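Below are the chains, spelled out letter by letter.
Protein chains: 4
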Amino acid sequence: MRIIIEKDYEQMSKTVMDLLLAKMYTNKKMNIAITAGSTPKRLYELLVEEIKNKSDFTNVTYYNFDEIPFKKKGGYGVTMTNLKNMYFDPAGISMEHVHALDEKNYTTHDAYLESVGGLDAIFMGLGKDGHFCGNLPNTTKFGDLTSKVETSIFPRMYDIMKSEVGGNEEDIPDFYVTMGPRSVMNAKETIIFVSGKEKAGIVKEAFFGPVSENVPSSVFQLHPNFTLVLDADAASEIKDLID
Amino acid sequence: MRIIIEKDYEQMSKTVMDLLLAKMYTNKKMNIAITAGSTPKRLYELLVEEIKNKSDFTNVTYYNFDEIPFKKKGGYGVTMTNLKNMYFDPAGISMEHVHALDEKNYTTHDAYLESVGGLDAIFMGLGKDGHFCGNLPNTTKFGDLTSKVETSIFPRMYDIMKSEVGGNEEDIPDFYVTMGPRSVMNAKETIIFVSGKEKAGIVKEAFFGPVSENVPSSVFQLHPNFTLVLDADAASEIKDLID
Amino acid sequence: MRIIIEKDYEQMSKTVMDLLLAKMYTNKKMNIAITAGSTPKRLYELLVEEIKNKSDFTNVTYYNFDEIPFKKKGGYGVTMTNLKNMYFDPAGISMEHVHALDEKNYTTHDAYLESVGGLDAIFMGLGKDGHFCGNLPNTTKFGDLTSKVETSIFPRMYDIMKSEVGGNEEDIPDFYVTMGPRSVMNAKETIIFVSGKEKAGIVKEAFFGPVSENVPSSVFQLHPNFTLVLDADAASEIKDLID
Amino acid sequence: MRIIIEKDYEQMSKTVMDLLLAKMYTNKKMNIAITAGSTPKRLYELLVEEIKNKSDFTNVTYYNFDEIPFKKKGGYGVTMTNLKNMYFDPAGISMEHVHALDEKNYTTHDAYLESVGGLDAIFMGLGKDGHFCGNLPNTTKFGDLTSKVETSIFPRMYDIMKSEVGGNEEDIPDFYVTMGPRSVMNAKETIIFVSGKEKAGIVKEAFFGPVSENVPSSVFQLHPNFTLVLDADAASEIKDLID
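Residue numbers (this note's numbering), protein chains in the order written: chain A, 219 to 461; chain B, 219 to 461; chain C, 219 to 461; chain D, 219 to 461.
Not one of these hints is a red herring.
Same chains, same names: a pair is fine if it fits in one copy or spans any two.
Only pairs whose alpha carbons sit at most 20 angstroms apart, straight line, appear in this in silico DMTMM-like list of lysine to aspartate or glutamate:
{"no.": "1", "residue 1": "K247", "residue 2": "D328"}
{"no.": "2", "residue 1": "K272", "residue 2": "E228"}
{"no.": "3", "residue 1": "K406", "residue 2": "D338"}
{"no.": "4", "residue 1": "K272", "residue 2": "D451"}
{"no.": "5", "residue 1": "K322", "residue 2": "E368"}
{"no.": "6", "residue 1": "K415", "residue 2": "D451"}
{"no.": "7", "residue 1": "K247", "residue 2": "E332"}
{"no.": "8", "residue 1": "K380", "residue 2": "D392"}
{"no.": "9", "residue 1": "K225", "residue 2": "D274"}
{"no.": "10", "residue 1": "K302", "residue 2": "D320"}
{"no.": "11", "residue 1": "K406", "residue 2": "E332"}
{"no.": "12", "residue 1": "K346", "residue 2": "E382"}
{"no.": "13", "residue 1": "K291", "residue 2": "D377"}
{"no.": "14", "residue 1": "K291", "residue 2": "D320"}
{"no.": "15", "residue 1": "K270", "residue 2": "D226"}
{"no.": "16", "residue 1": "K272", "residue 2": "D226"}
{"no.": "17", "residue 1": "K457", "residue 2": "D274"}
{"no.": "18", "residue 1": "K291", "residue 2": "E368"}
{"no.": "19", "residue 1": "K422", "residue 2": "D362"}
{"no.": "20", "residue 1": "K232", "residue 2": "E268"}
{"no.": "21", "residue 1": "K247", "residue 2": "E314"}
Please keep in mind that the hints were generated in silico from the structure rather than gathered at the bench.
Computed from a predicted model, the values in this text were never measured in an experiment.
Required output: the full structure, derived from the provided sequences and hints.
As structure tokens, this is what we get:
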């Protein structure tokens with residue numbers, strides 16, 4: 219586990235961009251899974267500015283690692299829509315360099331990844347409950363490959379899904395799909411980046427507490443090439459645990 | 219997870235030798251941890267024949283991954299003595315190419331490995347109880363680094379230790395040391411090889427059942443570069459699970 | 219430059235087999251170009267015995283690096299016919315794991331190799347005149363990519379071609395094709411293996427003399443990952459130059 | 219050969235910084251040789267701003283690849299002084315992370331590099347005469363390892379040396395030292411970056427003309443992992459040669 223602590227959200231975003239560019243600039247075919255959501259907002263702004271209209275990165279294929287389909291609306295789901303809006307479209311990245319995981323192809327996703335040589339890197343955020351990708355506590359097991367998770371799995375999930383699809387009840391899907399812990403651990407490199415004081419507690423629990431399915435992200439303590447990038451706030455409870 | 223099934227113990231040993239030679243022949247510095255015990259007996263016979271008196275492998279440093287000290291006798295412990303007798307001495311490998319983990323240096327073993335760039339590969343056997351290295355059920359947790367395990371941890375351990383030190387009660391140590399699951403998962407490549415019908419059940423349980431601390435080896439389902447080499451007997455209960 | 223010296227042809231062949239298996243056993247997609255001719259005869263016998271009917275090597279795609287077409291007879295050329303007879307057929311390797319360079323596709327061969335990620339390794343012999351692949355002195359330049367060489371390029375070439383196609387004048391082609399020095403240098407790893415006293419002189423000249431187009435193989439002094447495997451006879455003139 | 223063309227010097231410097239950061243951020247020990255001179259001026263300004271006072275890069279060891287000693291003044295030579303002033307000192311990089319090649323240790327430099335696993339990358343400029351490092355036309359041969367070049371080798375060299383040491387004739391050394399073409403080609407990755415219209419001609423000649431010792435940099439056409447970064451001016455004569 220490598221831990222990089224930056225002074226604030228801006229600098230954390232810049233460093234994650236550097237880690238991502240480090241993959242993109244290797245001159246090798248690269249399969250990279252990236253996260254949607256709010257944490258990477260600044261990351262994608264910086265990245266768009268950096269690579270916009272550059273033709274040098276045809277070696278990169280992008281992947282999402284989870285997807286919430288819009289039940290009624292159809293088309294790209296919540297994650298891919300978000301990635302297109304924040305990153306692919308403004309950066310001028312053609313969708314032919316993107317492989318979309320969705321509710322139709324998830325059962326063959328792991329086999330597909332294996333056929334293309336596996337993920338070289340996966341960039342993820344961390345949930346306040348310790349989740350990564352769509353692996354919330356009590357949804358998946360460490361041994362799970364890419365799976366579906368039913369909206370009915372526990373009561374709170376209905377509200378989460380409702381919020382994710384923008385509040386429209388007709389669009390709440392029966393299930394979402396996510397790469398499971400075992401799928402993600404198969405990636406050659408795993409990166410989690412976290413910002414903010416409200417996540418300082420779970421950072422400590424996930425990466426300095428026991429490895430347990432109750433805190434899904436704790437599994438990365440077991441990954442041979444895992445990097446944790448934090449801003450000072452997110453790192454505020456682990457300062458005494460590292461030198 | 220890559221699974222290689224060979225027809226018998228002889229051929230399994232030959233294939234593990236090929237995997238080991240594949241590391242040794244890379245022309246890079248290689249840190250390789252290897253197992254003692256009965257399963258690798260034929261492996262080392264073949265390997266000694268292959269590399270005896272060859273000077274081409276100075277790029278390799280060997281490591282043991284657990285050690286049972288002789289309480290009274292002192293000197294090298296059970297594992298290193300076994301490795302010297304089976305492999306290092308007959309192959310003419312100088313101990314300057316071997317880094318011994320022991321009861322004195324185990325607390326700094328993980329930091330040491332990190333300082334030399336980590337293990338490139340670790341070759342292990344599988345216990346009938348699902349253990350790997352010295353990680354028996356109920357001795358270590360997934361999150362443990364290199365640790366000591368007390369002989370008094372549970373009653374059966376006394377008998378195990380007695381047998382390991384050759385039956386001499388005076389030599390039974392107060393504890394043995396082992397790389398923990400987290401330490402082993404840090405290796406770039408992990409390999410387990412298994413022979414014999416009596417292990418067919420645990421092979422199925424460990425690599426096709428749930429990932430659980432009750433079956434320590436199940437953790438390798440989560441390693442991005444894990445190879446399982448079996449003879450036909452050891453593979454007899456998983457035939458219908460693989461194509 | 220790594221130099222491995224073995225006591226005789228048998229042991230040299232075994233070591234080259236180990237180097238080849240080291241690539242095959244990496245659990246990654248591997249593009250490997252291999253040599254036809256007389257030097258690898260024992261190599262392929264050993265290898266066939268080792269991997270016959272094993273299904274574990276679907277990660278490997280094989281390539282030839284030069285080809286002499288049969289002008290009248292057509293079909294596979296001299297090199298591919300030879301490789302099929304010595305290795306692919308007896309080892310049970312399907313031609314779907316082989317990419318044949320020939321007189322029709324040579325102009326796009328370098329672009330093709332780039333599209334599949336490049337050659338991971340190329341195993342070659344050494345000619346008494348210092349040639350490698352079809353790069354004889356005065357046929358290609360260091361900067362040449364995959365090229366054709368006219369049979370009329372110099373008088374001796376006619377006899378070489380006649381001998382290569384088995385003596386039948388009607389089958390002597392107008393040109394043969396070969397990966398050029400620049401194409402071969404693009405491979406991630408380059409290996410040359412040499413046997414016999416009659417090549418001891420050129421071994422010294424090529425790898426311990428000046429880098430010069432007059433001795434095409436001298437270019438490998440400039441490759442960052444080059445291995446030279448010799449038997450004692452082939453190494454007899456360089457003993458005082460290495461420690 | 220990978221070619222990256224940027225619109226101007228600023229953007230070229232930024233891209234070279236990204237390539238350098240890509241190495242630094244790999245989480246592995248990295249041996250990186252870097253260039254002094256005027257071309258990298260902006261590169262180091264950007265880089266200093268980026269990494270100043272960051273403690274995350276202790277995995278990197280820096281190397282110079284040539285050195286011009288001050289005959290009278292002594293101490294660090296021209297290259298290392300320049301690198302210290304432009305990069306190491308303002309970035310807060312301790313000299314314990316720098317390995318200086320100099321006039322005293324050059325005969326063992328290649329052996330030293332081999333002992334530390336070789337250079338992972340070397341970042342170089344290009345001279346108007348096609349030189350790289352201290353390999354000017356008619357000074358070294360392709361097959362040369364790290365060598366000394368006498369100031370008396372040809373008349374113009376005296377003036378070059380005089381200018382390099384700042385005009386003080388007493389400080390003109392009898393010889394300078396440089397990694398030779400063979401030493402540099404041993405690096406796992408080679409990068410040359412070039413700015414300005416006055417170098418557009420030599421860019422074309424070196425990378426699109428014959429491989430020849432008369433244009434030392436042409437040797438990189440033979441390197442399996444070579445990247446050329448140009449600004450639009452430097453690329454102005456090769457536009458029709460690339461797509």
